[in-house]
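> Following the hints, put chain B with the ligands in place on chain A, whose structure we already have.
Protein sequence lines correspond, in order, to chains A and B. Residue 33 is where the first sequence starts when you use the working numbering, and the numbers rise one by one after that. Residue 7 is where the second sequence starts when you use the working numbering, and the numbers rise one by one after that.
Treat the hints with care, since some could be wrong.
[Claimed, not checked] With a Cα cut of at most 25 angstroms, we get these calculated DSS-like pairs of lysine-lysine:
1) A:K171 <-> B:K227
2) A:K250 <-> B:K182
3) A:K262 <-> B:K284
4) A:K250 <-> A:K226
5) B:K284 <-> B:K274
6) A:K326 <-> B:K249
7) B:K270 <-> A:K292
8) B:K275 <-> A:K226
9) B:K270 <-> A:K326
10) A:K326 <-> A:K226
11) B:K180 <-> A:K250
12) B:K275 <-> A:K326
13) B:K275 <-> B:K249
Worth flagging that the hints you see were computed from the coordinates, not collected in a lab.
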Amino acid sequence: MSETTEPRKPARKKVELDPKLARYKGVWVFVEHERGQVHPVSWELMGEGRKLADKLGVELAGVVMGAPGEDTRTFCHQAMHHGADLCYLIADEVLRDYRNEPFTKGMTDLVNTWQPEILLIGATTLGRDLAGSVATTLKTGLTADCTELAIDMENRSLAATRPTFGGSLLCTIVTLNYRPQMATVRPRVMAMPKRDESRTGRIVEHPLGMIETAIITKVLEYIPDNLQGKPQLAFADIIVSGGRGMKKQENFQRIWDLAKVLGAEVGATRPIVQAGWVEADRQVGQSGKTVRPKLYIAAGISGAIQHRVGMEDSDVIIAINSDPNAPIFDFATYGIVGNAMVIVPALTDAFRQHLSTSRMAG
Amino acid sequence: MHIVVCIKQVPDSAQIRVHPVTNTIMRQGVPAIVNPYDLYSLEEALRLKDRYGGRVTVLSMGPPQAETALRKAISFGADEAILVTDRAFAGSDTLATSYALASAIRQIEKDIPVDLVFAGKQTIDGDTAQVGPGIAKRLDMRLLTYISKIRELDALHGTITVERRAEGGVQVLKTKLPCLVTVLEGTNEMRFATMNNMFRAARYPLKVWNKESAGIEDLTKIGLKGSPTIVSKVFAPSPKAVKAEIIDTESNQPKDLVVTLLAKLFTKKPDLAHDIAKNAP
Ligand SMILES: Cc1cc2nc3c(=O)[nH]c(=O)nc-3n(C[C@H](O)[C@H](O)[C@H](O)COP(=O)(O)OP(=O)(O)OC[C@H]3O[C@@H](n4cnc5c(N)ncnc54)[C@H](O)[C@@H]3O)c2cc1C
Ligand SMILES: Cc1cc2nc3c(=O)[nH]c(=O)nc-3n(C[C@H](O)[C@H](O)[C@H](O)COP(=O)(O)OP(=O)(O)OC[C@H]3O[C@@H](n4cnc5c(N)ncnc54)[C@H](O)[C@@H]3O)c2cc1C
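Excised from the complex, chain A in its bound form:
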């Protein structure tokens, strides 16, 4: 309401948890899948969930809901490979496609039966639909789009940090006297954990207890996106991005040239997308894509906070900017102060040179 811009209530330091709530133990991660594929955000969360569970000294569980068969079982094993100790599985024909009603019922029943203290869900279209419904049904707190999760050992509570006001501020939110503590996290925000195929664990099956005729919403059709030729920034290893410092559309070709030599995707800031130089799918930042490549090259980009939140977790950031005081130099790994019109082509040549020498060598 009017006060929403102020901290709504100072978190009290020490809170005795209601004994009924103290029974809630363990960290859960919802394993989201569509068309036979687990969404990578679920494994990213599994990596994060592992750290939280270790800190609390409890078990980490995956939750898989889907149609009976090989796929859902495989997802359970994959959950263990990514760090889970066990996996809850509801396999029912009714769960073949995502629908709010049966998935909300499945998840709330599992929570009420097994009582986890923390439940993490990916902030995807599916995850947000489910999380909001489950939290309301369970009457518990839900923190959206977190970028950092930590345990406050004082009261074993989840401290969830999230950007707010379009990314210009961060806030830390706790859910003290309610269980489970729920949070959603956007894809590519957390690191992908290493998979370890030797890890195993138990699968706990649970019935759904709902029949098709009881579900009002029907899926008539599913039209998969045609990804052919569409930019795939979220999963690129290398991204070369340009900003307003490139000045003219024809200069932006220099960005494409460098990307081509590196087999990289091309990214851009919002003004570039708004000017129509590249398609909207290439926008990196708060209102665009969150990316986490191994190498991010930013040319003629100032490093505004709305751009930064979408790319700052890249392994290495190279910034090229004519202004030595540009904010991008505050968080890039390497910087070259200079004219991007000259530096970018020089970099293209240097990478090309490097590639041809290394090919000859080996």
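Coordinates of chain B with the ligands only, in the frame set by chain A:
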């Protein structure tokens, strides 16, 4: 067809600044606007009204100033506007907000049954996308989120067919009314306010409800008391401790700079040379 559209007044986030020393939000002079995402749902509701007849009621919970947002909605063509405002709602999180809005919608229903509730995809301030699902669950309505198109509305049989954005494609869903729909951005373009509606908006006797008229039964479910989440701190992102290593050579010629850069890069990240070789065409 009776449609309720939930709209929230928000600060124009493009203009929010953080005080560099105290890390608090400087709100002075930040204009308040209708949450941009709510305009897509309002327009969608108005289109349904144009096609099937009926009425559109806009509903907002917020401080008295939120009246402006509701009048704006009237100027676009909404029939009725209700502002739910009471000190008791201050500090509500999404669970408490959905409780309050759901109670208000039940009150609205006492006059005319509600077929559809529209909400925005999310707001630009709280930005949680949780209030829509919350209202749906509390009213036991079917929930349709991230809708990019309403394919068909069969008023006679009370069914609706929509296209819903899923992660890797589009789901076509059919369900029964009443339901709650959240609309994806870009689904439509807001109409211009007509002169007539602008006059009407200026004179319109807004309905203002306090907690009693909004039908709040349980006072422990609203405001701070009814909010499980607690904001423990708000802060500006800390500048990274390590700044960029600025590449510097004697000549400062572009060629020397980039060669020095690559040498440093591949020394620090030997794997990267391998990744680049693998990726390169
Ligand atoms: C709600 C909201 C959401 C937003 N979402 C996003 C988003 O998702 N993504 C996003 O990117 N932005 C977003 N923005 C916009 C963001 O605030 C910035 O305006 C934008 O990122 C700036 O883009 P830029 O760096 O290309 O341009 P500028 O800020 O204009 O920077 C240009 C830079 O180029 C440098 N330069 C100039 N000439 C040269 C040269 N010859 N060689 C090298 N360098 C040169 C300049 O020194 C300057 O640093 C959002 C804003 C708002 C309010
Ligand atoms: C910094 C900060 C962080 C916050 N983080 C969280 C959090 O993680 N979890 C949490 O539970 N609460 C959180 N809140 C509280 C939350 O912002 C408020 O509860 C707010 O009233 C509604 O949430 P929202 O703005 O995210 O709306 P959303 O859920 O994003 O809104 C979706 C739609 O619901 C409708 N709607 C929302 N609010 C109203 C309203 N007041 N009147 C009419 N229609 C409305 C609109 O149609 C809107 O488009 C946070 C608040 C602040 C200030």
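> Now look at each hint and say whether the structure bears it out.
Consistency of the hints with the structure:
1. A:K171 <-> B:K227: holds (10 angstroms)
2. A:K250 <-> B:K182: Within the cut-off at roughly 10 angstroms; holds.
3. A:K262 <-> B:K284: Since the Cα atoms of A:K262 and B:K284 sit roughly 21 angstroms apart, the hinted pair holds (cutoff 25 angstroms).
4. A:K250 <-> A:K226: Answer violated: A:K250 to A:K226 is near 38 angstroms, above 25 angstroms.
5. B:K284 <-> B:K274: Status holds; Cα separation ~18 angstroms.
6. A:K326 <-> B:K249: holds (18 angstroms)
7. B:K270 <-> A:K292: Given pair B:K270, A:K292 holds - Cα atoms ~22 angstroms apart, limit 25 angstroms.
8. B:K275 <-> A:K226: Holds, at about 18 angstroms.
9. B:K270 <-> A:K326: Since the Cα atoms of B:K270 and A:K326 sit roughly 15 angstroms apart, the hinted pair holds (cutoff 25 angstroms).
10. A:K326 <-> A:K226: holds (15 angstroms)
11. B:K180 <-> A:K250: holds (5 angstroms)
12. B:K275 <-> A:K326: OK: B:K275 and A:K326 at ~10 angstroms, within 25 angstroms.
13. B:K275 <-> B:K249: holds (18 angstroms)
Checked against the numbered hints given earlier, the structure breaks only hint 4 and satisfies all the rest.
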